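Just need the whole structure built from these sequences, with the hints factored in.
The primary structure of each chain is shown beneath.
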Amino acid sequence: MATLVLDNGAGTAKVGYSTDKEPRIIPNCVMKAKNVRTRIFVGDQLEECKDLSSLFYLLPFQKGYLVNWDIERQVWDHMFGKDRYRVEFSDTNLIITEPFFNFQSIQEAMTEVLFEEYQFKALYRCNAPELSQYRYKYRYMESPLCTLVIDSGYSFTHIVPYCKGKKLRDAVTRINVGGKLLTNHLKEIISYRQLMVMDETCVVNQMKEDVCYVSSHFSQDMELARKKGPENTILREYVLPDFSHISRGYVRQKDDTTERKGEEQLIRMNNERFAVPELLFHPADVGIQEMGIPEAVIHVLSKLDEEMRPHLLNNIVLTGGNCHLPGFQDRLYRDIRSLASDEYDVNIFLPPNPITYAWEGGCLLAQDPDFENLVLTRQDYEEQGLSYALEKFDVW
Amino acid sequence: MADKRESARQKTAEQKRVLDDVSRRRRQRKVLEALEFDNFSEDPHADLKMSKKAPKFEEAMDVNGPSSKKRRKSRGDFKQRYRKTFAALLEEEYLSSQQMVNREGVTYFSASAPPSPLPERHFCAVCGFSSNYTCVQCGARFCCIRCLGTHQDTRCLKWTA
Ligand SMILES: [Zn+2]
Ligand SMILES: [Zn+2]
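From first to last, the protein sequence lines are chains L and R.
Each residue of the first sequence is one higher than the one before, counting from 1 in the UniProt record's numbering.
Each residue of the second sequence is one higher than the one before, counting from 1 in the UniProt record's numbering.
Keep in mind the hints are simulated off the structure, nothing from the lab.
Zero decoy hints are in this set.
Under the rule of at most 25 Å between Cα atoms (straight-line distance), these lysine-lysine pairs were calculated in the PhoX-like manner:
| hint | chain 1 | residue 1 | chain 2 | residue 2 |
| --- | --- | --- | --- | --- |
| 1 | L | 63 | R | 84 |
| 2 | L | 63 | R | 79 |
| 3 | R | 30 | L | 63 |
| 4 | L | 21 | L | 121 |
| 5 | L | 121 | R | 79 |
| 6 | L | 166 | L | 303 |
As the structure is a computational prediction, the values presented were derived from the model and not from experiment.
The following block contains the structure:
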């Protein structure tokens, strides 16, 4: 019998069998390309699309919660179907993640769709950070008592304390800044300052991943960005793809003296490189009246017993795509170190792949000898009903 | 008579200023909403009938063999119960959170990070550097005469992202 692990993120789904080495990362959406009018692209079919300009997105998630089931079904049909995982539903368990505070009616819909329409054999629903802390504990012979997961994904950022594997729900804190907001903000400031790119979500997102970073010396970097010529070590020129000669955007090398051939479009990325990710640390910069991540970490600790704090500070784990931003871990360490009490050690772990870390945890969980007692079987569901099925898991 | 006209003019000027404040706040709210948009423009295929090409859920499932026959309940029923916008879900959650004091306090709403006590920072809309001034007309930030000029020439009150 197989177990499929699906970390069903609002931006990308991380999916694969528990025995696989790594998951596929599948955009959790359906896309239409402006210049390809004969078809649509479901999830990772986007790889077949040569022209990524003006992509139109149909997303199943809104503000981090699954609201459009028609779109999600299209993505799942593709993912579970013959072109990808060829799932034998009646003989497959599914581990699937849901957001914190997932609304009751979404949980109901999820359970119903997975059991009645797809007919999985058994189900395990959980929050992604639960799997991440499971994965983290697995690194040690003697597992740490507590873990503080910082999960910064597409829709938002959560700070979640765990003690002995249990979520300390009362302290879970959300910052409404995620990768989607960063990309949209970058689109807006480029469109305001240089070139209209409001329809180029995919291209600008790539540019964000290519040139943005988290600054550990914000005002110093601002001063550097003011300078002219070689003294300005911040400035990058980014060549936009045109999808005929240039299939992907890239940073133009400083010593590249080759004649610019005709039409290529350049974006100057100066203070934008670090002012955009800065929103994770200062949401108020764009008018969101919330604490940034380091302050929120201290806020979470303040809600918990003092004796847990050193354990949590000593076991901070970073997950989600935003943790890939260069400098993210350093900045976080600096800020938390300066805010937290001197008597505690601060230790922040950045997994080699913060995007797939929860998925890896799911694979380990599937091999746990206790796993079969943790799942809800379709038989249980059919005999005991929906409300029993909901109470079995603590995703709230 | 002249007095009357004078005071009327003052009144409209005042009303304008107040209205401006409201519309500035509305602008700010729109900016935040725009940061959540999935798309800026409309569906580029809106004029096409794509639905015929996109496989229907039922068809896709039938490929997977006999187990799909066991599927119960009509899709229509499911749609009715679960087609809810995020706003509707929030509303539901809010109402139930009002009644559930026993659920140990924390809700979707209370889990939100509180405001930061740090002082606000402002950045020039045109160049992104630290800004000390506000455009009188629209409330956008700028840092120097040059940036104000750029802002006024092409962007002031026109840009409504
Ligand atoms: Zn300026
Ligand atoms: Zn203005």
